[in-house]
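The listed protein sequences derive, respectively, from chains U and X.
If you're matching positions, the first sequence starts at 1 in our numbering and goes up one per residue.
If you're matching positions, the second sequence starts at 1 in our numbering and goes up one per residue.
Simulated from the structure, these hints should not be mistaken for lab results.
Watch out, some of these pointers could steer you wrong.
No farther apart than 25 Å at their CA atoms in a straight line, the calculated lysine-lysine pairs in the DSS-like style are these [to be verified]:
1) U:Lys345 x X:Lys109
2) U:Lys177 x X:Lys61
3) U:Lys65 x X:Lys149
4) U:Lys345 x X:Lys111
5) U:Lys166 x U:Lys207
6) X:Lys61 x U:Lys166
7) U:Lys62 x U:Lys295
8) U:Lys345 x U:Lys207
9) U:Lys166 x U:Lys177
10) U:Lys177 x U:Lys62
11) X:Lys61 x X:Lys51
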Amino acid sequence: MAVTSPALAQEARLATATVRRRRFNLDRFLSPLLLAPSAVVIFIFVYGFIGYTFFVSLTNWKSAKPDMTIHRPVGAIYPDLFSQTRFQIDLRNTVVFTVAFLIMAVLGGLGLAILLDRHIGGSGFFRSVFLFPYALSFITTGVAWRWLFNPETGINLLIDATGINKVLAAYGVEPLKPGWITDPSVVWQLNGPIAAVFPPAGEWSLKLGVPVAMVAVAIAAAWQLSGFAMAMFLAGLGTISHEVREAAALDGASDYRLYKDVIIPLLNPITISVLIILTHVSLKIFDLVFAMSGKGPGFATDVPGIFVYEMIFRAQRFNFGAAAAIVMLIAVSVVIVPYLARQLKDL
Amino acid sequence: MATILAPAGRVYVPRRKRRVGQYVVYALLVAATLFYLMPVYVMVVNGLKDKTYMTLSDMWKLPLYLNGGGFPVAWNVLSPSLWASVRMVVPATIGSALLGAVNGYLLSKWKFRGSDVIFTLILFGMFIPYQAILIPLIRSLDLIGLYGKWQGLTLVHIIYGIPITSLIFRNYFANVPTELVEAARIDGAGLIQTFLQIMLPLSLPAFVVVGIFQFTNIWNDFLFGVTVVFNPADQPVTVALNNLNGTTSVDWTVVMAAAVLSALPTAVVYVLLGRFFIRGLLAGSMKG
């Protein structure tokens with residue numbers, strides 16, 4: 001490329017300029033053109049397919065053989081779906097699971113991040129340990145916790161080892177032996193109180209309360225994903241300048257006040273991101289429950305993800321499965337779309 | 001992103017107070033470590049046990065003899081699936097990484113009218129519950145003769161990997177100075193040439209991050225594996241493990257050994273390259 005004579009250099013420059021102009025025009029078309037294959041594939045495989053699934057939810061397709069005739073009245077599958085006790089249970093379970101899981105994963109993650117924020121020796125090791133479960137599959141986690149929550153072994157052996165059950169037995173009290181994922185009971189039922197104000201609630205077949213087994217599943221999920229929350233919070237803590245901390249320390253703020261009044265409020269944007277991402281994970285939860293407890297006793301751990309899977313692949317009631325999948329999608333979208341819209345505005 | 005986890009300097013705290021505080025911090029961290037490692041311990045230790053010497057009520061005890069426990073049987077049952085997973089995960093990871101690199105480059109350095117909207121619409125694809133696309137997905141794969149085949153599963157992972165890989169690469173390229181692209185343009189390099197000769201060599205770290213992250217994601221997938229492929233020998237290892245988990249004909253030692261084996265590849269990657277893993281995870285959940 002070494003150009004020696006000035007004349008040649010001039011010529012070369014002119015030539016490149018022409019090429020450049022031509023290329024530049026070409027490149028402006030090239031960018032959308034090269035993006036098109038991926039964009040088209042995503043539009044078909046995401047948006048087109050969602051449309052198709054929605055259409056299936058309006059049809060009579062409820063056997064192995066596709067039946068694309070429209071179910072009348074149009075959209076009637078949806079009220080049918082919501083009136084099924086099993087689907088109502090699934091929605092209740094999702095709410096309970098989401099709340100329990102978010103509390104444990106977010107507070108756990110924040111707590112670990114604050115502990116590691118002090119940069120004490122070995123913090124790299126601790127961080128790796130806490131994030132490790134995130135690298136495992138939900139199936140592996142489900143298998144492990146299924147054994148830990150087996151009432152005859154696992155955690156209950158540890159409870160026995162503390163000697164608490166001997167003490168309880170001495171006072172003639174039932175031993176502490178939780179059923180974990182095998183527990184069919186629903187505690188803190190609200191049906192009674194609601195029926196007192198709203199009598200039709202007495203007829204509900206859905207027990208409006210907290211299914212104990214679902215909380216056990218939430219513990220396993222929090223074990224797996226609190227490390228993610230921790231990593232996000234640590235990233236956020238790393239961006240808080242230590243002038244802020246020093247200023248607070250010089251003002252005589254205790255560590256407790258420093259975190260409560262200064263640092264945690266500064267982490268708000270991160271907290272919102274963590275909440276959004278973990279909520280959408282919990283609305284979609286499937287594999288973990290599938291491997292751990294499946295539907296559970298009396299649908300105690302059934303979730304929409306499992307419902308859809310069973311409707312489509314076991315019962316072959318495609319229209320019901322599709323409708324439940326669309327409900328899942330809408331629930332996820334309510335959380336995710338505002339988040340994406342905000343990101344788009346900042347682009 | 002690279003500096004985000006760097007220590008932010010010590011906080012000023014009187015020395016004696018700091019020392020007492022440190023003991024408390026360490027105690028809490030050690031307690032948390034025990035909790036986080038508990039399932040790992042149970043899986044490894046029980047996988048190594050021999051059922052003739054130990055029962056389920058010995059769950060927390062160490063194995064009496066080291067004779068491999070459930071591992072030989074688990075390996076026999078799982079090895080076809082481990083191979084099926086590798087055969088599918090490697091091309092799917094490479095394919096989705098390459099597409100993500102091109103998209104990320106275009107979306108950060110060659111923006112055009114509407115490209116940000118297209119980017120956002122692509123991103124939505126990584127959040128959807130895949131249950132909402134399963135029926136048409138399977139019908140389409142059937143139409144092109146890939147339903148039930150591992151090649152079909154590979155294709156599915158490449159396609160649904162596009163949003164996350166495009167996001168990570170876009171954030172990476174956004175931090176590469178645009179002057180580099182402009183300088184290349186002045187030297188007469190076009191869009192493609194700039195990508196191949198300047199951006200691609202620069203993007204090696206992003207490829208490592210995306211590669212590790214996608215390897216883990218695809219290896220850990222269950223829903224596509226269990227629905228798109230039906231020949232047991234072609235099903236990924238998560239499906240094989242779940243099948244073992246559901247049967248009563250195998251010992252619990254085998255199930256636990258199988259859980260360890262199925263998690264080993266991602267666990268090894270995590271232990272060796274955890275730094276990049278964290279970067280991928282953060283890049284995938286925040287804007288760059």
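Tested hints:
The straight-line distance between the Cα atoms of lysine 345 of chain U and lysine 109 of chain X is roughly 18 Å, inside the 25 Å bound, and the hint therefore holds. For the given pair, lysine 177 of chain U sits about 20 Å from lysine 61 of chain X by alpha-carbon distance, which is consistent with the 25 Å threshold. At most 25 Å may separate the alpha-carbon atoms for a hinted pair to count; lysine 65 of chain U and lysine 149 of chain X meet this at roughly 22 Å. Simply put, lysine 345 of chain U and lysine 111 of chain X have alpha-carbon atoms about 15 Å apart, close enough for the 25 Å limit, and the pair holds.
Annotation: proposed proximity of lysine 166 of chain U to lysine 207 of chain U is violated, straight-line Cα distance about 34 Å (limit 25 Å). With a C-alpha separation of about 21 Å, the suggested pairing of lysine 61 of chain X with lysine 166 of chain U holds against the 25 Å cut-off. Distance check on the hinted pair: lysine 62 of chain U and lysine 295 of chain U sit about 21 Å apart at the alpha-carbon level, within 25 Å; holds. With a C-alpha separation of about 43 Å, the suggested pair lysine 345 of chain U and lysine 207 of chain U falls outside the 25 Å cut-off, and the hint is violated.
Using a Cα cut-off of 25 Å, the hinted pair lysine 166 of chain U and lysine 177 of chain U holds, with the two alpha carbons roughly 12 Å apart. Between lysine 177 of chain U and lysine 62 of chain U the alpha-carbon distance is near 43 Å, which puts this suggested pair outside the 25 Å criterion. Distance restraint check for lysine 61 of chain X and lysine 51 of chain X: the Cα-Cα separation of roughly 13 Å lies within the 25 Å cut-off, and the hinted pair is therefore satisfied.
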